[in-house]
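**Q** Each chain, written out:
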Amino acid sequence: MTTHRTPGAQLSEYLLRLGDSTLILAQQLCGWCGHAPTLEEDVALSNVALDLLGQSRLWLDYAGSQMTPRQSEDQLAYQRDAEQFRNVLLVEQPNGNFADTQVRQFLFDSWHCLLLRELSRSSDAQVSAIASKARKEVAYHLQRSSEWVVRLGDGTARSHAYAQQALAHCADHVHELFAMDGLDQAMLHAGIGADLAALKPEWFSYVQQVLAAARLSYPQNPLNLDAGKRGQHGEHLVGLLMEMQYLARSNPGAQW
Amino acid sequence: MSEPVEGREAAFQQRIERGEKIESQDWMPEGYRKALVRQISQHAHSEYVGMLPEGFWLTRAPSLHRKCVLLAKVQDEAGHAQYLYSALESLGVERDTVYQELLAGRAKYLNIFNYPALSWADVGMIGWLTDGAAIVNQVPLSRSSYGPYARAMVRICQEESFHHRQGFDLVHRLVEGTARQRQMAQDALDRWWWPTLMVFGPPDEHSPHSRQSMQWGIKLYSNDTLRQKFIDQTVPQIHHLGLRVPDADLRLNEASGHYEIGPIDWVEFQRVIQGEGPCNRERISSRQRSWEQGAWVREAAACHADKASTAAALAGDEHAQ
Ligand SMILES: [Fe+2]
Ligand SMILES: [Fe+2]
Ligand SMILES: [Fe+2]
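Residue numbers (the UniProt record's numbering), protein chains in the order written: chain A, 1 to 256; chain B, 1 to 321.
Incorrect hints may appear among the rest.
Unchecked claim - Only some residues are given here: those of chain A computed to face chain B with a beta carbon under 7 Å:
no.: 1; residue: Cys30
no.: 2; residue: Gly31
no.: 3; residue: Gln75
no.: 4; residue: Arg158
no.: 5; residue: Leu223
Stated by the list, open to error - Computed footprint of chain A on chain B, listed as stretches where at least three residues anywhere in the stretch have a Cβ under 8 Å from a Cβ of chain A:
no.: 6; region: 43–52
no.: 7; region: 75–89
no.: 8; region: 236–247
Quick caveat, the hints were computed from the structure, so don't treat them as lab data. Backbone N, C-alpha and C fix where the C-beta goes; we use that ideal spot for every residue, glycine too.
Build out the structure end to end from the sequences listed, making use of the hints.
**A** Right, dumping it as structure tokens:
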């Protein structure tokens, strides 16, 4: 779908993947604010959400600047329908219980860290600048989510079971993180994007190390779902966007 | 040690009158400690419960900029609850103990959070009016006689004044917007104005703890004085925005320079305080639900910490051998 498009259109499509994944995950974490197991965790989760939201705005703003006519971050966030979103499926999985949220976060953060490291070396100065800034924030996210995975996995029998269940579910959406489709290939060749497939061994060895400390095991035969980046999403994203976009859409043209 | 209690109390009162700060390790009359615990726990719970009505709008904020601002604000409120619960710990009160009081529905918190936040404009009203009222109440408390509380107030008030400005800015944007946005702002003001005036508490003649608290320097101005200060500073802002104060009796007394308001519905105030406000049950049950749903997480964390410290101790032993 992307091979015949102009470089600007390809770049904006690639940036949407980054902007949408961080936006949807931030939106999900907002749902925890005020409802976390402890006050400290309320602060921590909203901190992560705030970082991701800030990163998303930078990616979306850059994406919109490459479109004709130019699109603002809010037009992109509020006026697109689900099939126009380019986030990976992992981030749209429901919050579930605290283990579901932390395992989702852990798998995302561990990938996000490596991705940003690669993008910080991008030949596109703006991609490199955004990635370098975000990388510092995400290192802290990964530290926290790794600690939670260990606490939950190594905690009580119940928390262990919840963490293992969460892992079974989330692992179905890991394949997509490393799948290189036509757009990923084109961006890699242009020196802008990252070689996702090449990151997988390093990612897996880190994940295995944390899971060992948590006494958890990585699921045997996860599914290989990977359509989120191309705009094929699950039902949950539709509901999430309805909540997120309703107010903006029911007041067309309004400034907030 | 042998000094009689009356002597100590007199010395304590003199310290307060000299403007000295009382620190957690200092001797203090039991009544002073109790009054502080009452005031600080009420404040801590208000910060924590106050996250709920605004938190509801986080996932619904109509622009990414506003979502960021609101997220940062709600996070600040969680931080305020944290400092205040720690200030209570300095008085020997465990956080879990006071928190259980809240969950049991026995603790007080600001009544205003028992009203629903029904539109986006309410987010602006909470920031502009409720945080505005909090500032009027709390700026003097940064001179409170109890050191840990006074210091917490300095930091909290700086952040509350950001929230106040951001709330005003949100409402300002609405009144400059579409007819529907202006109406949203006016409706929200109509709903939040009177509950905000009640934030300052009952009139002085019915304020049971006020006089002693003023003598101890943990309350510096009376409820009515603070309420008047808030009215005088806020009414011109409302007019500036082109909004209408929902009070037919409101007038400026040219001689005194103060705004005079119509009667406050103290019957409603008492009713909401007694637990019959529109959201009392919802707020408490929301807090209970989060607490109960988080129980297995807290247990897991404690269990892992136990195992980790045992493992560390064993490793230490091996090292020593
Ligand atoms: Fe606060
Ligand atoms: Fe406050
Ligand atoms: Fe505030």
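**Q** State for each hint whether it applies.
**A** We went through each hint and held it up to the structure:
1. Cys30: 4 Å, holds
2. Gly31: 6 Å, holds
3. Gln75: With Cβ-Cβ at 10 Å, over 7 Å, it is violated.
4. Arg158: 5 Å, holds
5. Leu223: Violated - the Cβ of Leu223 of chain A stays beyond 7 Å from chain B, reaching only about 28 Å at its closest.
6. 43–52: holds (count 3)
7. 75–89: holds (count 6)
8. 236–247: Violated, because only 0 residues of the region 236–247 of chain B bring their Cβ atoms closer than 8 Å to Cβ atoms of chain A.
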